[in-house]
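Note that the protein sequences, when read in sequence, are chains R, E, X and W. Counting in our numbering, the first sequence runs from 19 upward without gaps. Counting in our numbering, the second sequence runs from 19 upward without gaps. Counting in our numbering, the third sequence runs from 19 upward without gaps. Counting in our numbering, the fourth sequence runs from 19 upward without gaps.
It is worth saying that the hints were derived from the structure and are not from the lab.
No copy is singled out in the list; a pair is fine if it fits within one copy or between any two copies.
With a straight-line Cα cutoff of 20 Å, these simulated SDA-like cross-link-like pairs (lysine to any residue) come out:
hint : residue 1 : residue 2
1    : 146       : 123
2    : 146       : 25
3    : 146       : 57
4    : 146       : 179
5    : 146       : 26
Keep in mind it's a predicted model, so treat the numbers as computed, not measured.
Number of protein chains: 4
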Amino acid sequence: MTATRFFSDNAAAVHPAVMEAIAAANQVDTAYDGDALSVSLDDAFSQLFETRCEVVWVSSGTAANSIILAHFARPWQGIFCHEEAHIEVDECGAPTFYSGGAKLMPLPGRGAKIDAEALGRRLAAIRKDVHQVQPAAISITNATEYGLAWRRDEIAQIGEIARAAGLKLHMDGARFANSVAFLGCAPADVTWRAGVDALSFGFTKNGAMLAEALVFFGGCGGEGVRELKKRGGHLLSKGRFVAAQIRAMLTDDLWLANARAANAGAAALAAACGERLLYPVEANELFLRLSADEATRLRSAGYDFYDWGEGAARLVVSWDQDAAAVAPLADAIAHL
Amino acid sequence: MTATRFFSDNAAAVHPAVMEAIAAANQVDTAYDGDALSVSLDDAFSQLFETRCEVVWVSSGTAANSIILAHFARPWQGIFCHEEAHIEVDECGAPTFYSGGAKLMPLPGRGAKIDAEALGRRLAAIRKDVHQVQPAAISITNATEYGLAWRRDEIAQIGEIARAAGLKLHMDGARFANSVAFLGCAPADVTWRAGVDALSFGFTKNGAMLAEALVFFGGCGGEGVRELKKRGGHLLSKGRFVAAQIRAMLTDDLWLANARAANAGAAALAAACGERLLYPVEANELFLRLSADEATRLRSAGYDFYDWGEGAARLVVSWDQDAAAVAPLADAIAHL
Amino acid sequence: MTATRFFSDNAAAVHPAVMEAIAAANQVDTAYDGDALSVSLDDAFSQLFETRCEVVWVSSGTAANSIILAHFARPWQGIFCHEEAHIEVDECGAPTFYSGGAKLMPLPGRGAKIDAEALGRRLAAIRKDVHQVQPAAISITNATEYGLAWRRDEIAQIGEIARAAGLKLHMDGARFANSVAFLGCAPADVTWRAGVDALSFGFTKNGAMLAEALVFFGGCGGEGVRELKKRGGHLLSKGRFVAAQIRAMLTDDLWLANARAANAGAAALAAACGERLLYPVEANELFLRLSADEATRLRSAGYDFYDWGEGAARLVVSWDQDAAAVAPLADAIAHL
Amino acid sequence: MTATRFFSDNAAAVHPAVMEAIAAANQVDTAYDGDALSVSLDDAFSQLFETRCEVVWVSSGTAANSIILAHFARPWQGIFCHEEAHIEVDECGAPTFYSGGAKLMPLPGRGAKIDAEALGRRLAAIRKDVHQVQPAAISITNATEYGLAWRRDEIAQIGEIARAAGLKLHMDGARFANSVAFLGCAPADVTWRAGVDALSFGFTKNGAMLAEALVFFGGCGGEGVRELKKRGGHLLSKGRFVAAQIRAMLTDDLWLANARAANAGAAALAAACGERLLYPVEANELFLRLSADEATRLRSAGYDFYDWGEGAARLVVSWDQDAAAVAPLADAIAHL
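Here chain R stands alone, though its shape is the one from the complex (with noise of 0.2 Å):
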């Protein structure tokens, strides 16, 4: 079946090391986020990232990227992102929920990065004054929702406009780890080194179950993001069944051979793909130009995956499957 699924990586299994630790942490006792397991996490991911980390489990991307921005925006205020983003065409306005009320401001940019102009020029653009809603943070999406890595100094452009005009710089990471295998660079690299304050490093897309980690770099977590995330149902009792997830994740860089192995099965799909390409494949994410009938007659041999508008086609490729495992689906592609 992994052979044939290409729909989502949310639909792939959990890397067996996870289940491992999940197994292991039912000896564990302590409820809520008391436990060694959760209490461990903020020296593990300043380990990873090279800095003081202050680090948050929650079960979904969608309760990561909202509480990190209903921390950083107050009801009144705006949220920077693009016009593709996940949490604008995604979520279901979740960010506004949790927020009380911000409001997204949508921007353009090729394959979902916001682009750096525009957004100085929407910035200019904002008179300050009580009537029109004053931004309090920027969201990238790294992967990007069309599979792109942020380049380091492309954040850094970013960042550098969030430091200039006083607003904080969130990353979604649910593909971060895609990210930085195909970058092969250090994640402080493209994170707080290049002005990022908080990142939503995904793991369940990349062989967790349900787990998914807020950090906070430079010490701007603190006073209510954790009664963000107990006020949103997120603040499990049996939490350090999650904070095993992540943990298991971390060690012997589980998260950065899965996203590798994830990564080199995309590419040998876009081989196959050529000029069919929409956008480079360098994370975990195909978009490519497949007419209806191309479509009917992958489906028909049995692969899965979604149509991207017309003519067009996402095929997401998961850690369980690397370049053999999509071998098949590559060749039917070729052969197109």
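Take the given structure of chain R and dock chains E, X and W to it, following the hints.
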């Protein structure tokens, strides 16, 4: 460790059958709640409750309560509850958050059971104008925060008041299993047959890892429920792992067996407490008189529990602590 | 001073008849909105609109728009509007605040009129699932933010899309009077007969002091509207003074006379602007090309107005500025 | 009619000096709150309160209270108030709405004065964890909902508790003038000198048309206040007409003269009530024992007032009802 831990059933282990179901779910691969396990819940609960149910899984009791209450109350309306109800005291305002502002309207009553007369008086005292918050729902907890089981006729009395006043009746069933196990009744008897419109059916405290079911009776679920869940970040992308836990708990009435075990443990402890008991022990919680000195002595002996104001303590027995497991503590209390 | 002030019709004086009505209301003595003046509004507007109306007064246009939209959209739903709509650009997020989180979904269109085709495309592109915000309403502004009057058939086209998609249609009529005065139509023609469900009928810019009417057609007001108003702090305790203003504006069609005067002033100015005009002048606003140097010269001559981006300006003519009153400015522009 | 109307000071007429100020403001022409009258409020109140104040006008007491409390409490925090406080009982949940969800935490106390000991106990009982709502502010009403004037030392006692616990202290001064008039103290004595951080200074009940002032002491206004006001639809476009009322009320201490007149009327009535009084009459409200039969007889004689539960009534004397004006009712009560 199970022998010494009595502070919360949230600290209990996950039942092996649930762990197995989670492992088995690692083969299923549809995202969100479109998988076969999630889809099967309506039927499974409909059979258990002997009526058509709409069922939605979430991963925390706070989310379960909040989504149901937000579904029942508009932002400007109110929700009656006991002044010591979990939703009033221990959820950081989550029902108000989810509902966009609904007011919890606390009422007195012995053992955390809403006093029906007090409810009637309070209802009568509300002017039917736009200045006063008008109630939309009543929430009761079963078993109560003091471990008491609502009897069918007690619920029906509240249910009748609700019906007459046009209010929805919600039951917070974080320990619903323990109450049903104590009463030996059909689940239907203490829910829809007694006027309950929706139940937060808790499994996490009773052997699951993170799984609660919103159960709507009489077709009162519908539009809004899934939006509230998604918007709250509770539509987990690998939801099959939550649904799997619930299915495991329903299989061969594991929920009932676990509750019986916990109740039996509590009963064994209760026998040792004698005159110390502040409330009859019906479910798996005990509230007892305990001086600071006595508390210290028990803790020195390795027993962990919560103080409950001055001179009192709360003990909670979990599904994995039967009469044999609690014997040492029973003995220790008897010899204080 | 009226001769030199062109930056906003909010700066205009209150019409003497309104001042008299306020003085007269000082004899009436019932609190909130139970007074005879408030109660009389339903009938007064029902006559004006030739259909049964439910009418609620408020003291600001932002409150009027927000309460109507919050009545139409649940927190998780969306509201289509023009990307330059007042509710999107100039109300600090008030409709989102009042609705508990509803998302404004901006659309393009010439002169701040929503483009019907763009609306249709956007509607079609929304997946009918719980991840995407589903729309509940459309809001149009008449006259638009660029001073254009929506024609009956244009509104009906939007109304038909709304009806087909199950959306409510709201009209922000901060300058409704100016639009009706320009068109010379019946108020009914450009509201309920064209599919409008509720109108924010503005009086403040048109000679009142602080008075706007929420007008609901087809019985779509009802429960929630008065609660939203009270909860927003808009149920003024001496509401008779607001209702009095509205009654004065309706008496002998003062609203229409004032709007005609303002429109006539704008038309006289428009004649002097010739090729400078960016949009046809239909109501009481003019948008014209004006270099920074020209703007400086006009301001040096004592004229006050807003810049509108680079090289353009906005002039607004008020009810107390007829053709004669604007003659000096017309002359000054002609001689730039 | 003034002789027979005793149900609410909201029903009173507007004082002639206020009407004149409104008429005079019809010459001023800047929009929103940029006009000279609005801008002058900071200085005017700073002089009155003998300290630097930040002042914002609104048109209703509910808005005043809600904006201040929303400024002081984050959505997940709580606000202590008396269980019969106007904000708890009569504002349809507005403070919760404005704050995005803050919880009102009601306390007992004689005559609607929060009992300091009860406050202390409640504070001590709140666990400092994320499960329980943590308080951010205390709100007291002066004069209270039972017409009692808080003494300086009583306020200071609450103020001290607030300071020690890091809470802001808000005073709902819908009838602040009546309290100050009764006490004969400096306004500063019962506000900032006693620990009050912000005051809702009411003018509407005391001779204005629709005007209340948010008065912030110690620089605790600032960012957020004006955004909350705008977002709530309370930044009226012709705000000069509200500011004008406030300036008129401050001129020659009209606020104090009016309050003295109302208090004198109430005192005259009180003398006739004797043993019937449920509370001392300090401001302009009387609460008295009155049988249903007696109430009927008074109403038959043309007097209008509210029942207050069974066997009791509330009478309110307005600024335009001095001792002479209330004489007939005093006589009628004496002869019941």
